[in-house]
Amino acid sequence: MARMKFLCDADRCIECNACVTACKNEHEVPWGINRRRVVTINDGKPGERSVSMACMHCTDAPCAAVCPVNCIYTTADGVVLHSKDLCIGCGYCFYACPFGAPQYPKVGNFGSRGKMDKCTFCAGGPEADGSKEEYEKYGANRLAEGKLPLCAEMCSTKSLLAGDGEIIAQIYKERVMKRGYGSGAWGWKTAYRETIES
Amino acid sequence: MVCLARFARLVIGTGVLLLLISAASPSGAQQVNPTASSVKEQQLLQELNRIQGRVSIPDQRSGVLEQPAGREWREFRNVTLHWIGGIAILGMLAALIIFYLSRGMVRLQSGRSGRTLVRFSSFERFVHWMTATCFIILALSGLNITFGRTLLLPLMGHEAFSEWSQWAKYAHNYLSFPFTIGVVLIFLMWLAGNLPNKVDVAWLKRGGGIVGHDHPPAYRFNAGQKAIYWVVVIGGGLVAATGYELMFPFYLSGIEGMQLAQVVHATAAMLFMAVMLAHIYIGTIGMEGAFEAMGSGTVDVNWAREHHSLWLEEENARTGANDARTQPSAAE
Chain P
18 MARMKFLCDA
28 DRCIECNACV
38 TACKNEHEVP
48 WGINRRRVVT
58 INDGKPGERS
68 VSMACMHCTD
78 APCAAVCPVN
88 CIYTTADGVV
98 LHSKDLCIGC
108 GYCFYACPFG
118 APQYPKVGNF
128 GSRGKMDKCT
138 FCAGGPEADG
148 SKEEYEKYGA
158 NRLAEGKLPL
168 CAEMCSTKSL
178 LAGDGEIIAQ
188 IYKERVMKRG
198 YGSGAWGWKT
208 AYRETIES
Chain E
5 MVCLARFARL
15 VIGTGVLLLL
25 ISAASPSGAQ
35 QVNPTASSVK
45 EQQLLQELNR
55 IQGRVSIPDQ
65 RSGVLEQPAG
75 REWREFRNVT
85 LHWIGGIAIL
95 GMLAALIIFY
105 LSRGMVRLQS
115 GRSGRTLVRF
125 SSFERFVHWM
135 TATCFIILAL
145 SGLNITFGRT
155 LLLPLMGHEA
165 FSEWSQWAKY
175 AHNYLSFPFT
185 IGVVLIFLMW
195 LAGNLPNKVD
205 VAWLKRGGGI
215 VGHDHPPAYR
225 FNAGQKAIYW
235 VVVIGGGLVA
245 ATGYELMFPF
255 YLSGIEGMQL
265 AQVVHATAAM
275 LFMAVMLAHI
285 YIGTIGMEGA
295 FEAMGSGTVD
305 VNWAREHHSL
315 WLEEENARTG
325 ANDARTQPSA
335 AE
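First to last, the protein sequences are chains P and E. Mapping of the first sequence onto the working numbering: residues 18 to 215, in sequence order. Mapping of the second sequence onto the working numbering: residues 5 to 336, in sequence order.
In case anyone wonders, no lab produced these hints; they're calculated from the structure. Ideal Cβ positions, reconstructed from N, Cα and C, are used throughout, including at glycine. This list has only true hints and no planted wrong ones.
Now the stretches of chain P that chain E is said to cover, found in silico as 3 or more residues with beta-carbon under 8 Å:
#1 23-37
#2 55-65
#3 70-83
#4 101-112
#5 200-212
One chain only, chain P, in its complex shape (with noise of 0.2 Å):
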């Protein structure tokens, strides 16, 4: 079984959005959300650099530790799904992530936030794979049509890399080989406890 992660290689993203844009279209995702969004650090100075996030699938993630109810879970592929039939909307799983993925619509007045919703590797949800009632709530599930996260896929600097663990910090690695520097993949300590030697 694949071990999903995704990987930003910082020297070559360059803060087009295209990754945030396809994410929002592929799953209709609701407005006020970004399941993907690009962060640049020090904009416009000297040393600036541009990282794109959405939920890493941390390994033993924190969210679903915290989780009151238990709706988030690991599938075989590693990458992180939750239940939104099950999710109360309580917000315990956005005090508990690093990276700001888990996010609630505003569907009514004060406490009443909505369903968390987050990044799920184009993996849709716990509904049959490709169904309607999966895509009203997860957006496409391209996982179970043999197809990579489309921010990924349509990255046009392949700055974000999605896939086996393995698989992508080993292109990593021979990227930063080649070219003689790297900064590092950007998160990976944080959601899996590990970095890739360069």
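Keeping the supplied structure of chain P fixed, place chain E upon it in accordance with the hints.
The following block gives chain E in isolation, referenced to the frame of chain P:
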């Protein structure tokens, strides 16, 4: 001659071409890192324990790229809080059971006089019971968030447990408003009687008469009741303030502030519940004649004499004649 010139041109041309190629393709040793001066992840995390930047989407809060502090919060929520809650609540229950078994109910030593005296007005009782009802529902729905996954989920199953937790969350959010109003009213209406004074020191020195059959003098509220009052006011204020911070995310603080708010909210609530268990005990099975103060609003004169002697004197002085305001109690 032509041949030589042609050869020379070829040699020079090849040499220039080789020079150009070698200049265009850098060898491994001469590679330049165009982002060498850029920020490094580990360095940023070490400095601030969070990485923040700018985003071009409208949600500016998503500019926080990484904040591993959630890990400490997770440890608190999943481990520390369970110990705090378990020790505080089960410890208090155990202590009360042991106390009840060894001491039993504090009886009225002189029996009932048959005459009663108004202790709490209907408004005071309304505020008390409104706050108390809200408190119990808030406490149970709060405990559900902390312990439900471990204790109830295996019994109820995923769907039923989520349904119940959803309603518990709504109750928790909406009942916070009457609860907060109740705490504010309690603060205002009983403040005068709950300022500490010298009588409290003497009362505390005699242990409040909790052990044995001592009855140290007290005004309307003794030192123990004053402690309950301040726990309700300060504890209630803390849980309300931190609760609203969590209920309205990002109005007051970012995620790191909400993590802290949850720690304060949950810890204060667990201790609050433990103290309220003791309050419920002494107001019901712990002491004869105590519940009716908040039930019917009147107490027996002998109860007032034994537990709040100075208050009884005050009441008598205020109404003129000795025992003037006391009337035969209505048959209940």
